[in-house]
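A.B. asks: Put chain B on the given structure of chain A with help from the hints.
Residue numbers (this note's numbering), protein chains in the order written: chain A, 1 to 156; chain B, 1 to 264.
Heads up, a few of these hints could be off.
[As the list claims (entries may be wrong)] To give an idea of the chain A side of the interface with chain B (calculated C-beta under 7 angstroms), a few residues:
| # | residue |
| --- | --- |
| 1 | Asn19 |
| 2 | Val49 |
| 3 | Tyr55 |
| 4 | Ser56 |
| 5 | Thr61 |
| 6 | Trp128 |
| 7 | Gly131 |
| 8 | Glu151 |
Calculated from the structure, these hints are not laboratory results. Glycine included, C-beta positions come from ideal geometry on N, C-alpha and C.
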Amino acid sequence: MPSVTITVNGKPETREVENRTLLVQFLREHLGLTGTHVGCDTSQCGACVVHIDGYSAKSCTMLATQVNGANVTTIEGLAKGDQLHPMQEAFRENHGLQCGFCTPGMVMSSIDLLRVNPKPNERQIREWLEGNICRCTGYHNIVKAIAACAEKQAKA
Amino acid sequence: MYNFNYHQAKSVDEAAKLVSGAEEGKLMAGGMTLIPTLKQRLAKPSDVIDLGKIADLKGIKKDGNNIVIGAMTRHFDVANSDVVKSAIPGLAGLAAHIGDPAVRNRGTIGGSIANNDPAADYPSSVLALNATIITNKRKIAADDFFKGLFETALEPGEVITAVSYPIPDKSHYMKFPNPASRYAIVGVYVAKTGNNVRVAVTGAGPVVFRQKDMEAALSKNFSPDAIKDIKQKDSGLNSDIHASAEYRAHLVNVMARRAVQGCG
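Next comes chain B alone, as it looks inside the complex:
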C-alpha cells in the first residue's frame, strides 16, 4: 500500500472540504472495498478522509412512508433493525447476506452505493425500491444515480448522507452469490407498490439496471409464471472466470422468479 495523509472528519462539511481541498482525496466509509483496493495499489489517493466518526451519519428511522438509513449505517445494523425488518423485510434480508459477518460489521450502505460495484447488492435495492439518495448538496432519484461501471451521479466533494426508501407493499432480493467473495454473480431485487412493479438486476451487467419487460409483465400478473418466458438478452452482460454472459442472462430469469416467489 502506498502511504497517504489520513484525516478523521468530525462533520460532513469538514469531510467535503477536506476531500475537495486534497490533491487526490478519497472518502472512506467502512473501508471494506477501499482498503483492499489500496493494498493492491489499484488506487493512490493523496488523502484518505475517514467518515467513521461522524455520528449523525449513522442510524435508521421511519419518516412517514419512508425508511431513512444514514450513510454510515453498517450492514449488520440494517439486517438486524426492527424498523427495517417490519417495513421492508426484503432489504433487511439483502443486508444480512452481504459478504460475511465480519464484513457486515464494518461495511456501510453509503459506501456500497457510492462505490457502485457492478456486483454489489445494495444498488439493486435502491433502484427497485425507487429510493432517493440524499447528499450534502441535493437529493438524487435512484434512476438518475447509477451511471456506469463504478460511476455515479456524485460530483467531486459531494457526500452521501442518507438513503430514503419508500415502503413498498412487498419486496424481495434473491442472489446467486460467488461462493468465495459472496458478491452477486447475479442478484435481482423485485418490489411491488400498488400495481407498480420494479425489477432491478445487479451483478449481470457493468452497472445495475431495470428489467422493464419483466416489470410490465409483473404489473399485470404478479407471479413467477408471468415472467418465465421473458429472456434476458446476453449482449453487453459481464463475462468472466466466474460466469459467462449467457449463464448470467439465464440466472437473471431464475433469480427474478425466485424473488417474486419470495415476496410471498
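One chain only, chain A, in its complex shape:
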C-alpha cells in the first residue's frame, strides 16, 4: 500500500493507505480525529469541511493521496490548549449550535469566510454557508456568531 505524509494540525502523520482512502477516513479512522464529521457523504452538507493549506474543502470528496505533503487543519487543531479559537468562542457565546453535528464544518467554513472577506454582511454570510447544512435549521444564531466574530476581529 502507498504511504502518505500529511501534516495534520501541525504534526506530520505518515500512514499506509489504500488509494481509494478518502481524506475524511484518513482523519477519522487512521488518526482517530473524529471531530470532522460525515453527514451526507455527497459533498453537499459540509459537516466534513477542513482546511487544506489554509482554504476550506470537503474532506469526504478528496482522496488522502491528493493531499500528500499538504497541511490540513481540523476542528481539533483550532483551540490553543484551553483557549478556544475566536470563532469557536463566538459560536459558544451566541449559541450557534443546536445538536452540534454540523458545527465543526460550520466553524471551519466560517473561518475561511473571514479569511477571504473579513467584514461580511449578513447576506454574504448566508451565501457563504450555502455548502453547510444544519438539519436543526439553527442558522440564525450561526450567522449571528460569525458576524460577532468578524466584528470582534475588526476591533482587535
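C.D. replies: Below, chain B alone, put in the same frame as chain A:
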C-alpha cells in the same frame, strides 16, 4: 468505491502517456465530480491520473484580446481574478456561483468542460463567448467541442491545457439553480461583441446549445423586450424530478431576458 491505481502526473505529457497506457485510465482535475462518481461505483477506472500537481496548468493571463485560463485554475481563482473581473465580469460572476465555496476551492474550469455535465455552468460560457479549447494536441472551437450528454470532441489521451476567451463588449450569465446541488436547472449565458450576439443555454437539454432565434433578435435589438415572445421549444429538453421540459423551456426565456438585462 472500488480501488484503483493512483498516479500524480508531473507534466501534461506524462499525464497523457499514463492515461493512454492504462487499461481504463481516467484523468482527475479537482475531483468534484469524479470522486462522487467513484463513490457511487458509477465508474470503475483501473487508473486515476491526478493533474493537481502540474503547475503550468494553473493561472490566468491576458493575451491580446483574449483571457487565457489554465485548465487547472479553480473556480475560486476565476471568480476573484482582477483580470477576469475587469475584462469579462460575466465569467467571474459565473464562477462565483458554481456549487458552494468549498467546491469552488477544488473544482476547476478544465474539469468542468471536459466532463460536460448537461447542468454544468462553464460550458455555456465557452459556447456563448466563442472560446477556444486548447489541448496538448490542438485547438478546438467551442462550436465543435460539446458533442452530447457528457460527450466532447476530446480524443483518448487528449488533455485540456487552457481555455482562451475572446473579450466581448459585454456578457452576463443567469441561472436558476437547483437549491440543493446549485447545478443549473437552466442557465443562459449571453455575450455581445459588436453586432454579434451569442446565447448559450445549459441545464435545459442533454448538452449545452445555442438559442439562435434569440441570437438573431438580439443582434438587431439588444434588449430583453426583443426576445420576450421567442418561445423555446420543449421537445428534447430534460424532464426530471427537478423540473419538467415545459418548465425548463419557460425558464430559458426568463433567464435569457435577465441575462440580457444583466449585461447592462
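A.B. asks: Each hint needs a verdict: does it hold in this structure or not?
C.D. replies: Hints versus structure:
A distance limit of 7 angstroms between C-beta atoms decides the matter here; for A/Asn19 the minimum to chain B is near 4 angstroms, and the interface restraint holds. Residue-level restraint check for A/Val49 holds (minimum Cβ-Cβ distance to chain B is 6 angstroms; threshold 7 angstroms). For the restraint placing A/Tyr55 at the interface with chain B, the shortest Cβ-Cβ distance is roughly 5 angstroms, inside the 7 angstroms limit, so the hint holds. Given the 7 angstroms rule on beta carbons, the hint for A/Ser56 holds: about 5 angstroms separates it from the nearest Cβ of chain B.
At a threshold of 7 angstroms, the smallest CB-CB gap from A/Thr61 to chain B is about 5 angstroms, leaving the interface hint in force. Of the supplied interface hints, the one on A/Trp128 holds, with its beta-carbon coming within about 6 angstroms of a beta-carbon of chain B, less than 7 angstroms. Taken as an interface hint, A/Gly131 checks out: its beta carbon lies about 3 angstroms from the nearest beta carbon of chain B, inside 7 angstroms. Interface restraint check: A/Glu151 against chain B, minimum CB-CB distance 21 angstroms, threshold 7 angstroms, status violated.
Hint compliance for this structure: hint 8 alone is broken.
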